[in-house]
Amino acid sequence: MFAEELRLIFRRPRNIVILTLLGLVPALLGFLVKYFGGHGGNGGQGPPFFQQLTQNSLFLSLVGLVTIETFLLPMAVAFVAGDSIAGEAQSGALRYLLVAPISRTRLALTKMAASIVFGFVASFVVMGSGWLFGLLLFPHGAVVTLSGTVISEGHAFILSVQAALAVGIAMVSVVAISTYASTYTESPIAAVAIGLGVAIVSEILDPIPQLQAIATLLPSHYWQAFIDLFRTPTNYSQLIKEVISQLSWLLIGVVGSLLNFRSKDILT
Amino acid sequence: MLVRSSCLCLRPTRHFSATLEIRESRISASSVVEAKGISKSFKNQRVVDDLSFEVPSGSVFGLLGPNGSGKTTTIRMVLGLIQIDSGEASILGKRVKLGDAKALEKVGCLIEGPGFPGHLPGAEAVARLAIARKVSRRKSMALAEAAIAKVGLSSAAGKPVKSYSLGMKQRLGLAQALLFPRELYILDEPTNGLDPSGMKEVREIVGQLAKEGSTVLLSSHLLGEVEAICSHIGIMKAGQMLSIGRISDLVASALPELIVGVQRSEVAAEVAKAMYPDAEITITGPDLLSLVGNGVDSAQLNERLIAEGFRVHSLIPSRRSLEDVFVSLTGEGFGVR
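Those sequence lines, one after another, are chains A and B.
Heads up: the first sequence begins at 17 in my numbering, then just goes up one per residue.
Heads up: the second sequence begins at 1186 in my numbering, then just goes up one per residue.
Source of the hints: derived by calculation from the structure; they are not laboratory data.
Watch out, some of these pointers could steer you wrong.
Claimed, not checked - Mimicking DSS-like on lysine-lysine, the simulated pairs with C-alpha atoms at most 30 Å apart in a straight line are:
hint, chain 1, residue 1, chain 2, residue 2
1, B, K1221, B, K1279
2, B, K1279, B, K1291
3, B, K1385, A, K280
4, A, K50, B, K1347
5, B, K1335, B, K1287
6, A, K280, B, K1287
7, B, K1335, A, K280
8, B, K1335, B, K1347
9, B, K1319, B, K1287
10, B, K1458, B, K1422
11, B, K1422, B, K1347
12, B, K1291, B, K1385
13, B, K1291, B, K1347
14, A, K280, B, K1347
15, B, K1324, B, K1279
16, A, K280, B, K1422
17, B, K1344, B, K1324
18, B, K1458, A, K280
19, B, K1335, B, K1385
20, B, K1347, B, K1319
21, B, K1385, B, K1319
22, A, K280, B, K1319
23, B, K1279, A, K280
As the list claims (entries may be wrong) - Simulated coverage check for chain A against chain B, where a stretch passes if three residues somewhere in it have a Cβ under 8 Å from a Cβ of chain B:
hint, stretch
24, 110 to 123
25, 273 to 284
Yeah, the Cβ is synthetic: ideal placement off N, Cα and C, and Gly gets one too.
Bound conformation, chain B alone (with noise of 0.2 Å):
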C-alpha cells in the first residue's frame, strides 16, 4: 500500500506500439555493447561458448533465454565483473577489462537482483553508490530520494533495507541503477519479483529511458514481457545465440498458423493434407486441426471441406508469439543444464 500510494512521477502511459515506432526511427547503425567470441567456462563447464552479438544505439535489446541459458553471465562479463576466458567485449565503445570502472560510469545496471547491506535504510543503501562515485553526501540523498521516487518507493526510503519485501527490494534496486542519468542501462531481470502493477511501472520506466535516448539491455525469461517493451532480441541457449535481430523481423519470419474446429477432424486431416502438401498439419483433438505453413487460405479450406460435407465450426488465423518462436528455437520445456 505503502509502495503504490506515491506511484510513479512519470508521464501517463503512452501505447507501446507507438513508442516503439519511435525508438526504431532513430536506432542508430552504431553498437553500445558489441561482444565477439567470448567464452566462460566455470570448473569445466561452458557456460558461455562463443557469444557474438550487439546491442544497436537506441535500442530496446532484450536477452531472451531459458534458465541456465547464460544471460547474467553474459552481462557479468560485459560489466567486467568476471573475467572473459577468451574472445573480447566492448561497452560503450570501450574495451571491457576485469575489474576496469572507467566504461562503467555511463552504465546504469541490475545484475541479477539487488543487493544492499540489511541495515542501511534504503535512500542510504542507494546513495551510498553515488558517494562511491565521489559524489557528495548530501547530494548523493538527493538523487537517491529522486531515484526511490521514481520506483514509487519514497514512504520507505527511510526504512532499513532488510524490513523490504522482495518487490520492494527490486523496486529499490532498479532505483539504484537510475540513480544517474546514463547511456546504456542493463537490467537483467527487471521485473522479478514485482506484483502486475509493479511490472507495468517497469515497462514504462523502461519506455521513458528509451525515449530520453538510452539504451537498454534488459534480460528476462518473461516472453510477454519482452515482446512489450523490446525493439530487439536475442534468445540464448546454452550459452550461444540462437537468433537475434528486430522483433518485428524474428516474429514475421515464423510461420503461420490457421486453427480450424471441424468434426472428424482425423479425415479432415487427409482433404487438407491433399490441398496443402507443405503445410505441417497436426490434429490437435478429437474436433481441432492445426496447420502450419505458408499460403494456408482459410476462406479455399472452409469452401472445401463443407463441400466435402464437413462441419467447421470455426477458423482461426493465429499470429505466432514470441513465444512460439522462442519454444521453436530453444525446444520445448525449459532445460536447466
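So here's chain A without its partners, still in its complex pose (with noise of 0.2 Å):
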C-alpha cells in the first residue's frame, strides 16, 4: 500500500512537473549569477550562501534549497499533502479504499508518510540538480565554509547531503498541516491552500519581535537551522530543535487527522 501511494505520487504527471520546476531552480539561479551577476556586490548582505555562489560550486545546491525553502517547497509538499485524502473524496476513490477494505487509520498514516518521502525527494531533487549544475559552471575544490575555515570537498558533500535531510524534515510540518486539512473537505484546493496558508503566516509571524514569546512554536521557526553546518564548529543545537519542532508538528497532524477522518462521515 505504501509502495503503491508512492507510486500514485511519483507517476502522476502533474508531480513529475513539480518536481522538473524546483529541479531547474538551481540551475536558473546558477546560470543568472554567473552570466549576470557581479561578485557578491552587496557587502555581505542577502541571502546566505549567495557570496559564496561563484566560489565554489558545492554552494549551488546550498543556494537552491535556501531559496525553495520558503515558498515553492512547502507549496510543492502541500500540493501533494492537501491532495491526498481530499483528493480521493474528490474523485470519489476514497469510498472504494475505504470498502475495499481498508482502516481509515492506515489510509491516512500511509497517505502522510508517503507525502513526506516527496518533501524528502522534492528537497533531493533540488541538492542533486544544484550540484550537477554547480559542477558545470563553477570551479570545484575545497570548501571555505561561513565561518571562514576550510573542509575537504568530501566533507562538504556530505554536509550538504545533510542540509538536504534537514530541508526534507523541515517539511514535515507542512504535510501534517495540510494532510490534517485535507480530512476536512473534499476541495484538495482548499486543502492545499491551508497547509500552504499557515507555511506563509507562520514564515511572516517568526521575526515580528512582540511575538518572540511564541515564535519557537511556529512550524517554520528553524526552517535555516541548516545553515549552521556551514559553521565551524559545526553546531547542531538548531537542528536538534528543528527535529523536535517538526515530530511535535507531526503529531498534532497525525493526532487531528486521525480524529477528524476516523468519525467523519464520507459522502463523496
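With the hints as a guide, bring both chains together as one complex.
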C-alpha cells in the first residue's frame, strides 16, 4: 500500500512537473549569477551562501535549498499532502478504498508517510540538481565555510546531503498541517491553500519582535537551522530543535487527522 | 466498439425466470444484511427514518425508491461510510461500525457511481484496491485484469480513466466490485449510464453472481430492471420502507385490471358499475374503460355489454406490473424531497 501510494504520487504527471520545476531552480540561479551577477556586490548582505556561490560549485545546491524552502517547496509539499485525502474524496476513490476494505487509520498514515517522502525527494532533487549544475558552472575544490575555515570537498558534500535531509525534515510540519486540512474537505485546493497558508503566515510571524515568545512554536522557526552545518565548529543544537519541532507538528497532524477522519461521514 | 468487441466471458444467457426459480429454492432463512430501526439526518433533515429490513441470504434484493428516498444513504450506513444516528445494522452477521473495515472483506460494492483517480490506467485504478488489501502487486494486476475482462473493458484497461466515457467508467466501477469473489455484492444503480447492451450484460453478471451463491443487494429506480433480475424487493419512500418481500408476492397482491374498449364508455361504465360494485372503474378515454378489482370476469362483462347493445372492440386483462405497485405505493410522480 505504501509503495502503491508512492507510485501514485511519483507517476502523477502533475507531480513530475513540480519536481522538474523545482530541479530547475538551482540551474536558473546558477546561470543568472554566473552570467549576469557581480561578485558579491552587496557587501555581505542577502541570503546565506549567495556570496560564496561563484567560488565553489557546492554552494549552488545550498543556494537552491535556501531559495525553495521559503515558498516553492512548502507549496509543492502542500500540493501533494493537501491532495492526499481530499483528492481521493473528490474523485470518489476514497469510498472504494475504504470499502476495499482498508482501515481509515492505515490509509491516513500511509498517505502522510508518502507525502513526507515526497518532501524529502523534492529536497534532494534540488540538492542534486544544484550539485550537478554547480559542477558545470563553477570551480570545485576545497570549500570555505561561513566561518572562514576550509573543509574538504567530500566533507562539504556530506554536509550538503545533511542540509537536504534537514530541509526534508522541515517539510514534515507542512505535510502534517496539509493532511489534517485534507481530512476536512473534499476540495484538494482548499486543503493545499490551508497547508501553504499556515506555512507562509508562520514565516511572516516568525521575525516579529512582539511575538518572540511564541516564535519557537511556529512550524517554520527552525527551517534555516541547516545553515549552521556550514559553520565551524558545526553546531547541531538548532537542528535538534528543528527535529523536535517538526515531530511535534507531525504528532499534532497525526492526532488531528485521525480524530477527524476516523469519525467522518464519507459522503463523496 | 472497443468495449463490445471483447464481450463478457460469462456463460450464454439463460432465461431469467428459470434462474429466478433456482434462486428462490436456495434462499435460506438467514439474512446477510439486517437493519434495525436505523435513522440518519443531514442538517436536521431526516433522510432515513427508523428503517428496518433484512436481505435474505442468497437473494437478489432490489432496493427501489424515487430519487431522494434514502437508498444510497442506507447503503452508505450499512457499509460503515457514514455514522448511523440511531438503530443498528449488521452485515454478514457483524455489527456495522463507522470505519470498521473487517466486516467488508467479503463484500463487493458499487456505491453511487464509479470513483477512480483519473490519471491512472483503468487496470491500475482497480488493482490499487486489491493492493490496499495487502495483495501483491502482480497478483492484484492479474485480478484487476480478470475483473475488467468480465465487464468487457479489456481493450481499454491500459488507458487512463479520465479518457473513459461515462458508460466505460461505470463498467470499471462494476469491475472493482467483482475484483474478488465475495459473499455479498452491494450494487447501487449498477446500470446507470450504460447502453442497452451494457444493461443486459449487468443483468447477466448479477444472474451469474446469484447462481454462484452470492447475495446481491442492488438499488435502482429502473423498475423493469428490478423486475427482471430480483427475487425480493423493498420499496422505499421518504426514508422509510413502504413494502418489502418477494417480488412475486408483491406483484400478486396488486389487484388485476381489465381494459375495455367500448363505445359510449360513460354509459357502459354505469353497466359495469352495477355488475361489479367493488371494482374501481375509470373512464380512461372516449372509448376506453378501466376496471380494477378482484372478480371482474371479462367474458361475463362482454356478454352483458353486447346484450345491452354496446359494441365491444377489445377486452384486455392486464397483469399488474411492478410499476403499478410502485406507483400505487410511492404516489404518482417522482417527488424529490
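Hints versus structure:
Proximity of B/K1221 to B/K1279 is assessed by CA-CA distance (about 13 Å); at most 30 Å being required, the pair is judged to hold. Distance check on the hinted pair: B/K1279 and B/K1291 sit about 11 Å apart at the alpha-carbon level, within 30 Å; holds. Distance check on the hinted pair: B/K1385 and A/K280 sit about 37 Å apart at the alpha-carbon level, beyond 30 Å; violated. The hinted pair formed by A/K50 and B/K1347 fails the criterion: a straight-line CA distance of about 44 Å is larger than 30 Å.
Proposed proximity of B/K1335 and B/K1287 is supported: the alpha carbons are some 26 Å apart, at most 30 Å. Note on A/K280 and B/K1287: the hinted pairing holds, with a Cα-Cα distance of about 18 Å set against a maximum of 30 Å. Pair hint B/K1335 plus A/K280 does not hold up; C-alpha atoms about 34 Å apart against a cutoff of 30 Å. For the hint pairing B/K1335 with B/K1347, the CA-to-CA distance comes to about 21 Å; that is within 30 Å, so the pair holds.
Among the hinted pairs, B/K1319 with B/K1287 is consistent with the structure: their alpha-carbon atoms are about 14 Å apart, no more than 30 Å. For the suggested pair B/K1458 and B/K1422, the alpha carbons sit about 34 Å apart, so the restraint of at most 30 Å is broken. For the proposed pair B/K1422 and B/K1347, the alpha carbon gap of about 35 Å is over 30 Å, so the pair is violated. With a C-alpha separation of about 25 Å, the suggested pairing of B/K1291 with B/K1385 holds against the 30 Å cut-off.
A hinted pair counts as satisfied when its Cα atoms are at most 30 Å apart, and B/K1291 with B/K1347 qualifies at roughly 29 Å. A threshold of 30 Å between alpha carbons decides the hint, and for A/K280 with B/K1347 the separation of about 28 Å falls inside it, so the pair holds. Restraint check: the Cα-Cα separation between B/K1324 and B/K1279 comes to about 28 Å, which is no more than 30 Å; the hinted pair holds. With a C-alpha separation of about 26 Å, the suggested pairing of A/K280 with B/K1422 holds against the 30 Å cut-off.
The hinted pair formed by B/K1344 and B/K1324 meets the criterion: a straight-line CA distance of about 20 Å does not exceed 30 Å. Distance hint between B/K1458 and A/K280 is unfulfilled; the C-alpha atoms sit about 60 Å from each other, more than 30 Å. Our distance criterion of 30 Å between C-alpha atoms is met by B/K1335 and B/K1385, whose separation comes to about 13 Å. For the hint linking B/K1347 to B/K1319, the alpha-carbon distance of about 26 Å falls within 30 Å, and the restraint holds.
A distance of roughly 34 Å separates the Cα atoms of B/K1385 and B/K1319; the hinted pair therefore is violated under the 30 Å criterion. Restraint check for A/K280 and B/K1319: satisfied, since their Cα atoms lie roughly 24 Å apart, inside the 30 Å limit. A hinted pair counts as satisfied when its Cα atoms are at most 30 Å apart, and B/K1279 with A/K280 qualifies at roughly 21 Å. For a cut-off of 8 Å, the count of residues in the stretch 110 to 123 of chain A with a CB near a CB of chain B stands at 12, and the three-residue condition holds.
Coverage of a stretch by a chain is defined here by at least three residues with a beta carbon nearer than 8 Å to that chain's beta carbons; for the stretch 273 to 284 of chain A and chain B the count is 6, and the condition holds.
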